[in-house]
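Novice: We have chain A already, so just place chains B and C on it with the hints.
Protein chains in written order, with the working numbering: chain A, 40 to 325; chain B, 193 to 591; chain C, 136 to 387.
One thing to keep in mind: the hints can contain errors.
Listed below are the simulated DSS-like cross-link pairs for lysine-lysine, each with C-alpha atoms no more than 25 Å apart in a straight line [said to hold, decoys possible]:
(1) B:353 <-> B:343
(2) C:235 <-> B:194
(3) C:266 <-> C:330
(4) C:221 <-> C:330
(5) B:203 <-> A:215
(6) C:221 <-> B:199
(7) C:229 <-> A:215
(8) A:198 <-> C:235
(9) C:321 <-> C:385
(10) C:266 <-> C:278
(11) C:197 <-> A:215
(12) C:221 <-> B:203
Don't read these hints as lab results, they were simulated from the structure.
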Amino acid sequence: MKPGKRLSQFIVFNLFGLISYLIVVILFIILGFIFIRGFSVISWSFLSAMPAEGMTGGGILPAIIGTGCLVVGSILFAFPVGVLSGIYMNEYLKENWFKKFIRMMTNNLAGIPSIVFGLFGMALFVNQLKFGDSILAGSLTLGLMVLPVIIRTTEESLKAVDTSLREGSYALGASKLYTIRRVVLPIAFPNIITGLILSVSRVSGETAPILFTVAAYFLPKLPSGIFDQVMALPYHLYVLTTSGTNIEESRPMAYGTALVLIVIVLIVNMIANAIRRSYRKKLKLR
Amino acid sequence: MKRRMRKILEKITEGILFSSSTVTSLAVLLIILFLFREGLGIFTSTSVDRNNVLAVHSLNPVNELTTQQIGGIFNRDILYWDEVGGTHDSIILFTINEIGNYYNEEELGTDFEFLPQKIDELISHQPNMIAYFPNLYLAGNFHGKVLPHNKIGISEFFAGKSWYPTSEPAAQFGILTLILGTLWVTLGAILIALPIGLVTAIYIGEVAHPRMRSFFKPLIELLAGIPSVVYGFFGLVIIVPMIQKTFNLAVGETALAGSIVLAIMALPVIITIAEDAIRTTPVSLREASLALGASHWQTIIRVILPYSRSGIIAAFILGIGRAIGETMAVLMVTGNAAMIPTTFLEPVRTIPATIAAELGEAPYGGTHFKALFALGIILFIITFAFNTMVEFIRPRKSK
Amino acid sequence: MPEYKVETQNFNLFYGDFQALKDINFHAEPNTITAFIGPSGCGKSTLLRVFNRMNDLIDGVKVTGKAFIDNMEVNDRSIRVDELRKQVGMVFQKPNPFPKSIFENVAFGLRVNGISDRHFIEERVVESIRKAALWDEVKDKLKKSAMELSGGQQQRLCIARTLAVEPSLILMDEPASALDPISTGKIEDLIFELKKSYTIIIVTHNMQQAGRVSDYTAFFYLGALIEWDKTIKIFTNPTNIQTQHYVTGKFG
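Bound conformation, chain A alone (with noise of 0.2 Å):
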């Protein structure tokens, strides 16, 4: 190679380089930012104690409840909804047009911006089917949103288990039903979880589809049926940032809010890669 081309070679490679590093940084300046900010904020109280005086104060436990609530609302419905499916399409279907047909439905659909979930559960749960602004209109909401993903890793997490395995149990004389239940499934398993994992990640911080269907701009109290409209995290942060009472003396109330936001999102993602990490050295084993 001549030493010209080697240099220039070095150089773009390096620029390249700074450039991917860059965006590492713009992900620390965000989460330090919020870090630091949102970190004086947090309190016992503040997790426990309802908002107070026009939410300049107090708490945002009606937030972390509600959200709470729409996050095991949605995966009660998107999970076993997404398993099953997950399922059919690996271990059912053969290739042919009606599997590509609900393939490309399920990419569609994973790809429909957030607003028009939030358009649609309004129009179908909200005013169709009379559930009104309710914990269950927007966990619907929220569950289809999050459905492909748990396809996505289920019928991923399926693949990825070896045909031998399933060759072996059918040579014993065990039915296909069988087979999936004792053999494919628990080896998958753990696979799977991972995408229920950051379903759960999702769920807890979209916006857009919570705020027809169930978002609740004040709400100081706790709910108590699945009617019930809450507060959630994300409706409630940009509620402080853009539109509260009094915006400026909110601010603290916004960096901790964001703060606890970003905090569930890191360890869900964290608990998604730990297990994936052992479930990847379970599978070199072999």
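Specialist: Same frame as chain A, but now just chains B and C:
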């Protein structure tokens, strides 16, 4: 007996699995159905509320007015009848609130029972008046001329430049500014995110040590996992003031702020998919190129990028799709002024932000409500088209 | 009419348009070992999978002609495929123990059959592991994961797993190809031992192995059964020139 039970059980299980697998398709179909059911109504709605009427003197040569003209008249932009095809007389406005200027309470009756007659009388005496009042007060033997309710036309909707969904008497639903605003912000985001994303994908996929790869990957995933509202918040407290100071603007909430935030949000999508595509290049191709004496850099440019072209294009399209549909972050940082964008340093308003900001206040089933759903349809069609395109472009993963 | 354990009559098999087996007429007597040999893609593994209908798992497979086990036609509509597979054990090329304990691997086939008597299961598991000549190596760690065993041990575990369901016919698809020579020797000894109570068909690439363990050898080429005779005859004095070339290593 037992065998039959098992057979039935297996059939039932398969049925449950099958129905689960149809949920996504069903959801897409339902989304289409409901969006269109609510949204298409915009083209049968009228810009003047059906519960109100616009009326003129019976001899006024003007027989109908467009939405724009009505808006102009009531904004006092149009002052003479000849501007809308009438005589050269100045237009006198009348809305129901102004009835007190013409008649006292006694004349109108205790329960306003004489109001319809009085309005009729008023219009009959004022040849140059245009009156806007509820249907309810339209007298049975009205002597004036009631102007027809115009339906909102397709061209009026798509090409109209004014978005005043709540203005009276004629709301204006021109979405051109919103479409252009969306495209503008997205264009900015893509101009920033594409080069950075591609370069990073090449670096991580080709140049960086595998150990660095496993350092980058989770961080990029994390970047993808941060909620959009947090990005919006970050943009609002950091990027917006920065832009305001740097360019010495009155407000920092600009298209540029939206583009930057969107670029950061689209990066993980672009990097992940482009990098996947780059890494699917067969080792043999790469080795052949290197064996011919090409440098690593030349191999990347001449062999790897062309080979993974379709995957990289798919990454770009998905990145654009993500940017177009993004709501909260954009809503929080772009200032949301509905005007046709000319620079990146002015506020713009996007389709998703409009829906998010206004749906809460739009009365259920009203024209405004329908218009917002129509915006939803447009958004849906754009993203659906993009995703379907990707389905055909993106190569199947070879495992 | 002689009683054959396994028989095919004018058997053809197609993957879509591709004919993988051409007019196969073959049989095996009880308590014999038959080796299927031939170059890759010659159809020997495909024929093996006919007998326990593992080809059902592949899309677009079509068969004509007949295949019998104990004079029972395997593709007959009255045959339940899971019942058939319980009678026909199969050992695969790559050891494929389930990621469960050693004990549970062997018990799997019993549980599939709905057997829940713990005492019975325990007895049968121990017996099967003994038969598979694995007992001394694993008797202290039955609860350990099967993944911790060596490749050869895993393969013998898979054989034990097969034996536990008490099949009468055992199909082996290159059972030693992924193993080291010592493990291979142990497997071959085991196969020879098993002949006493089972009929065995073994697919192999390894000429020496075919020569060592089998009573009969069938040579396949391009989907056709070229020659089939006593092993000694095939290896010393084959009739067909292709067979001769193959066993002497001129191609394949």
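Novice: Which numbered hints turn out to be false for this structure?
Specialist: 2, 9
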